[in-house]
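Work from the hints to combine the two standalone chains into their complex.
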Amino acid sequence: MDKTICLYFQVHQPHRLRLYRFFDIGKSSYYFDDFANKTILRRVAERCYLPANRIIHELIVKYKGKFKVTYSITGSVIDQFEKFAPEVIESFKELAKTGCVEFLAETYSHSLSALISEEEFKEQVKLHDQKIFTLFGVKPTVFRNTELIYSDKIGAIVADMGYSAMLTEGAKHVLGWKSPNFLYTNALNPRLKLLLKNFNLSDDIAFRFSNHNWTNWPLTADKYAGWLAKALEKDDIVNIFMDYETFGEHQNISTGIFDFLKHLPAEIMKYKTIQFDTPSEICKKHQPVAPLHVPFPISWADEERDTSAWIGNELQNEAFAKLYSAESKVKNSGDTTLLSDFRKLQESDHFYYMCTKFFSDGAVHKYFNPYETPYEAFINYMNVVSDFLLRCDRAAQITGQSGGTIIAEDKSPVKKRTVKKVKP
Amino acid sequence: MKVLMFGWEFPPHISGGLGTACYGLTKGLVNNDVEVLFVMPSATGDEDQTSVRIIDASDIEVSERCSNVKDFLEKVQFIRIGSNMIPYVDPKEFSEMMTHLQEGQIEDFKLGIGKKYKFSGKYGTNLMEEVARYALVAGEIAMSNDFDIIHAHDWLTYLAGVAAKRITGKPLVVHMHATEFDRSGQNINTEVYDIERIGMREADVVIAVSHLTRNIVINKYGINPEKVVTVHNAVDFQGFQNVQVDRGVPEKIVTFLGRITYQKGPEYFIEAAKKVIKNYPDVRFVMAGNGDLLNRCIRHVAKLKIADRFHFTGFLKGAEVKEMFAYSDVYVMPSVSEPFGISPLEAMRSNVPVIISKQSGVAEVLKHAIKVDFWDIDAMADSIYGLLSYPALSKMAVQNGLEEVNSLKWDGAAYSVKEIYSRLLKNKKK
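Sequence lines, in order, name chains A and Z.
Heads up: the first sequence runs through residues 18 to 441, numbered per the working numbering.
Heads up: the second sequence runs through residues 1052 to 1481, numbered per the working numbering.
It is worth saying that the hints were derived from the structure and are not from the lab.
C-beta: ideal position from N, C-alpha, C; glycine also.
Treat the hints with caution; some may be incorrect.
Straight-line C-alpha distance at most 16 Å; calculated EDC-like pairs for lysine to aspartate or glutamate [stated by the list, open to error]: (1) Z/Lys1053 <-> Z/Glu1277; (2) Z/Lys1418 <-> A/Glu389; (3) Z/Lys1409 <-> A/Glu389.
Over 10 Å on every C-beta distance to chain A, these chain Z residues come out as not near it, computed from the model [said to hold, decoys possible]: (4) Glu1086; (5) Lys1143; (6) Lys1167; (7) Lys1173; (8) Asp1197; (9) Gly1273; (10) Gly1290; (11) Arg1350; (12) His1351; (13) Phe1366; (14) Tyr1378; (15) Arg1400; (16) Trp1426; (17) Leu1475; (18) Asn1478; (19) Lys1479.
Bound-form chain Z, shown alone (with noise of 0.2 Å):
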């Protein structure tokens, strides 16, 4: 079994946990004797490929073997999405705008055919450009390489996914690691909005990292729920070593580590924070990471008197976040909205008891942690206190928190994987 894989990111160059993800997930499926072909927008040359062929999009010339760019474009032609969006036309003017429009979006194809793109693979300004742009390319990658089943991973690479699946036929999987409510709350960008929802419409099955991923897919994107499928993350503890540290100061520390912004709850850190200051003076609190709400926390902090016992350390890289983990006595995951969040089993592995919310997709499959609502800030000091007093308590989930997260493995959730392309070629055959 052949999979064409669409990703974003791929270690050691990754920002966020997508990245990390579909590392393990490679890993398991080749070890699920699944071989994959890892498509990426930019690759450096260094990311691990004893599992997988990366295959690099900025590569990729798209060549004129599609004679009929028109007939291309059919299949592809949503990668302009949004652009048509103009008010107040009449049915004569838009028919006219939609011909323009194609014949420019051929042109546009045209001028691309010979030469490569080169994507930046980040996250920039031009981001939407990207992604139309690897769709085209993915839709040449596609023509160009032998495989039984697609799989693209969040709505980056949606459409790169859809582009491949019209013009092979073959079955599309989208992975949900992160749906547009959870980055962006209420306020969601459309157009990202949009992208998902056609994604996961075209797709055979939508692959959700959690219940809580799974309900957002069927409720708010109105979803078909038969092809809704959990598959819960796991984690990669492979060459892990535990760090040493020297502590600077005398008192237990209690750390936040992650993007700062409204997605991982920061403010409700702080005010557990402030309540378990006020009653326990020997303790510390870190904050880790950067985010748009940073300097939001930072007065928030000084406005509630408590700066001399809460700390900022802005970003911290792969050693730093485990020297941090090597520091901290509590580790606090207090999120509005995380689809499965993969930090608290790193703080399990660093032998840290954790506190996580219950809105969160790891606390589906997590025993031994603490579990609050992320609004309930006094639950979550009260939680803080008890790890911080009472030795038993901390000790009783360090121990157990260790054996569980060591059980959680890729493989497995590989496993859950291929049992769906089974499914699907299974299908298909009929």
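The shape of chain A in the complex, shown without the other chains (with noise of 0.2 Å):
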């Protein structure tokens, strides 16, 4: 049978919250860092997302419908492209004219909404949805949720959605002695296929790529295309993901990351077995191995490959929990403004940023994060949520009296979500 390899690539950028004094609230309600976020989102626009999809263009045209890749692209980022960078709309539109590239369902927001509201989730879910078929004309069917989060119960609700599989990580703790390189099922809905990273192959490039200290730098396409091959002699697929901004952004130009691009499909090629797949594609070539239990979520974070890059510690825990404590007043008071300030201020990354992990590991997460100590995130974000949860009763007492009933909900005590214990 035919070997696989799946390339998939995620796109994001957040919206940046603007140094938000308490000062501010009640008096300014505009949250974010235009100037940064658009500079940044130029920058990377001009070193990543335009020379890689014109590598990648290039490519598919080349190799005439062999070479195939999968990208997901948050909402988040997509409004930040129409605002400061339309052009890269464009060429993901060139990408998508060519059918050898499948688009990703994933949350609008780049969201953590999956670990408290079923309700928000699927709306995200949806909106998403509805985005990248008003942009490319396809409506995906195969999805990855924020950060690869998957649990049983997670994908029991994208089943539900309709997806017919998603993606997550191959966490050594869930696999145990088994590969990552097969497809899998849900536990609870065996229709869902699941396909997960091979997380050594992928970090080679998206990590260690530039990295002198490695061994086995510098890491060549032939190189990397015979470890590939060799871990198809046995196993089926080799699923290939990372971030998108890998290439011209994480990995310099000067690395040569973008002549290890242009040279990889080349050399994967040269083994005759092997073939570029998108997931869908996979899903119909592939027989799943087994089912798969994973009764506490995972991600594709850290050494720990769980949520507490998150949602961990106790600030993290108050934030996450003091946010979606507004979710039925922002959507009772049908306030656009309101529910897309909600939206934006879930991006996972809010949350990342006062993580207290990296005072012990993480160059990587120093890397993201644009607070000096994760105790001045939260300050930011809180003061920012202070004045979003002064909005929210506002509106919930104009809906009240306008729709002429009577919602107390500033009196009685709000109905607290429980953040869902996350296992360490």
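Next up, the structure:
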């Protein structure tokens, strides 16, 4: 049987918050740092998205449909592309036209909603689906959750929504002796197939490519293709998942990352049995080998591969609970600005900045973090959320009056959602 | 290994952090098998001598053992620092004056022979004289004791350290707890500066209590970076007990505790307080301590019309300090320049979350403190507000902070100091 390699890239940029002091609470309700967001987006577009898309397009044309890639693009970054770099959307549309590119579904705002609110989660996924359909004319059939977060329960929800497959991490503590290089199924609903990230081979590119201390440095396309072929001697599929920003942003152009990308397909195609495929094609071609039991959420982050990078310490739990406590008020208000802010505040990045794990490990965390300490990140975020909650209360009062119904939410204690306990 | 250490104060009679730091360090050294002879200008006898032998300089007779007074003075002649700064003299006049001066010095010294000098050990008006006398006595002590290395704490004892080195030839380590720039900003006392520079130039190693201080030593005193080493201070919480207090007021309390001087940045605290009070009514601010800016601060508070929410306590003693921490919900150290800064550690040990300025040495070692620039009163106010209004934040800072301060042990700092000693002794043998 044919062997398959799946290249999947995640495209995302958060709406970074401006420096929001407590004096601003109740006075100014604009939360975002447009200057930073625009500057960073333009920079990443020029260093990564545009050149990488160009190369991928050339490769697709060159190999006449044999080279395929998969993307998921968050609503957060699409919104910013539309504002600051519309040419990036155009270049993705060009890629979509080739028919060799699959776009995946995910939450619109790169949110952690799957961990706390099924309702919000489903709404965001639908919203994202619509956006992808409007832009690229295809409806996604495969799902990837924010940060590849997955559990049996999340998988079951996704299956109910009609998706045929889902991507997640090939976490060691879940797989045990099993190999990530096969198709698996959800433990509750076997119709949902699972594609697992091969983190060794993915991280070789994403994190180790430019590391001069790595014994395998420098990594060349033929060497890497050899590793893939070796992994596929016995196994079916190798899933290479990473941030798209790996190309040109995390790994600078001077590291040779683009040359690596240019030469990779040819080197892989030297092995006649290996094909490039997208997730939906993989599900048609390959048979799942077993159900995978994941009782507690896993993700693709850090050594632990759990959700503790976003909700693990008290700061994150508090911020997360406070934000979602407003969900019903936001939705009852019917106020679209409020809803849009609610969604942007859900971006997982805000919680990532409050992570205290980077004290011990994590050049990675530092790289992505605009705040010097998690305490600063928390103060700033909570100031914003405080103002946001005030607006929600005001909105709840207004709708209460105009609708003629008494909504006594500001009197009765807001039903507190508990943050799902995350297994350390 | 035996070290002759020159200090100025030692618990229980202390006026600043220097005595506490010396105490902690000596105890740590003893735990690392280093014997310490601790010389101080005026001991009262109730010092804790379990780990060190205290030598009271007021108790030392300057003997006639140094038969050649002139030779002795040759070695320690710098003690009359500054007095030869006389303008408009020609070389001949100058040389005459110097001879005269030297004769006077010999006379001075002979007068001192067989007598004890009663040091006050304080920081009074005759401080310079005491510092110089201390050096003379140090020479005597150095001759009559056996040791391997000399260690002097802060400029007050540098001349003593240098005298001991010149007489015995043993290696000298000087410890920079605070530079003149930390004490006085840009308007420094040049006499003090000169003594500091002499001490550091003659020293074989300069220990700085933080990278911040190390940079000052290198950049403002021109000391060779290779011999300047950072050893962060630690803190000794043995026997520390948290006190319980009943609060008289329902509001949350934000505290400044320290000398009310330029160096400590009290006025930034007042400005930040103003901003917080405007937006967060249930809070009171307390400024505890005394200092030359106290009156100006009181006027400042009155002018801002926040005096009903901003209180001054005056100087607080040991037990009162603990009580003050027990009262506090937030501790702020807005220092403009703080070589290290031990009080945030005490606050954290008392379960109080802290905000410290980035211009403090302690910011280099603490992770679970909120750090702001001392001049950034918006950031300071915002951090205060955050700690007051977001319980998760203060809870987290308190929990992790306690763990963190408990891990900063003097034994560790003393180990680094011992390494320095060993290196010096090894180099000397070569």
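Against the structure, the hints:
1. Restraint check: the Cα-Cα separation between lysine 1053 of chain Z and glutamate 1277 of chain Z comes to about 25 Å, which exceeds 16 Å; the hinted pair is violated.
2. At roughly 10 Å between alpha-carbon atoms, lysine 1418 of chain Z and glutamate 389 of chain A fall within 16 Å of each other, so this suggested pair holds.
3. For the proposed pair lysine 1409 of chain Z and glutamate 389 of chain A, the alpha carbon gap of about 12 Å is at most 16 Å, so the pair holds.
4. With a least beta-carbon separation of about 38 Å from chain A, glutamate 1086 of chain Z lies farther than 10 Å from that chain, consistent with its non-interface assignment.
5. The Cβ of lysine 1143 of chain Z lies farther than 10 Å from every Cβ of chain A, with a closest approach of about 62 Å, so its non-interface assignment holds.
6. For lysine 1167 of chain Z, the shortest C-beta to C-beta distance to chain A comes to about 54 Å, beyond the 10 Å cut-off, and the non-interface label holds.
7. Distance to chain A confirms lysine 1173 of chain Z as a non-interface residue, since its nearest Cβ pair spans about 41 Å, more than 10 Å.
8. At roughly 46 Å from the closest C-beta of chain A, the C-beta of aspartate 1197 of chain Z stays outside 10 Å, upholding its exclusion from the interface.
9. Residue-level check passed: glycine 1273 of chain Z sits 32 Å from the nearest beta carbon of chain A, beyond 10 Å.
10. For glycine 1290 of chain Z, the condition that its CB be more than 10 Å from all CB atoms of chain A holds, with the nearest at approximately 30 Å.
11. A cut-off of 10 Å between C-beta atoms confirms that arginine 1350 of chain Z is not in contact with chain A; the least separation is 25 Å.
12. Annotated as non-interface, histidine 1351 of chain Z keeps its C-beta farther than 10 Å from every C-beta of chain A; the closest such distance is 20 Å.
13. Consistency note on phenylalanine 1366 of chain Z: stated as away from chain A, and its beta-carbon is indeed over 10 Å from all of that chain's, at 31 Å minimum.
14. The beta carbon of tyrosine 1378 of chain Z is kept farther than 10 Å from every beta carbon of chain A, the shortest such distance being approximately 23 Å.
15. Against chain A, the non-interface label of arginine 1400 of chain Z holds: every CB pair exceeds 10 Å, the least being about 19 Å.
16. Taking the minimum C-beta to C-beta distance to chain A, about 15 Å, the non-interface status of tryptophan 1426 of chain Z holds against the 10 Å cut.
17. Separation of leucine 1475 of chain Z from chain A is adequate, the least Cβ-Cβ distance of about 34 Å exceeding the 10 Å criterion.
18. Every CB of chain A is more than 10 Å from the CB of asparagine 1478 of chain Z (nearest about 33 Å), matching its label as outside the interface.
19. Consistency note on lysine 1479 of chain Z: stated as away from chain A, and its beta-carbon is indeed over 10 Å from all of that chain's, at 38 Å minimum.
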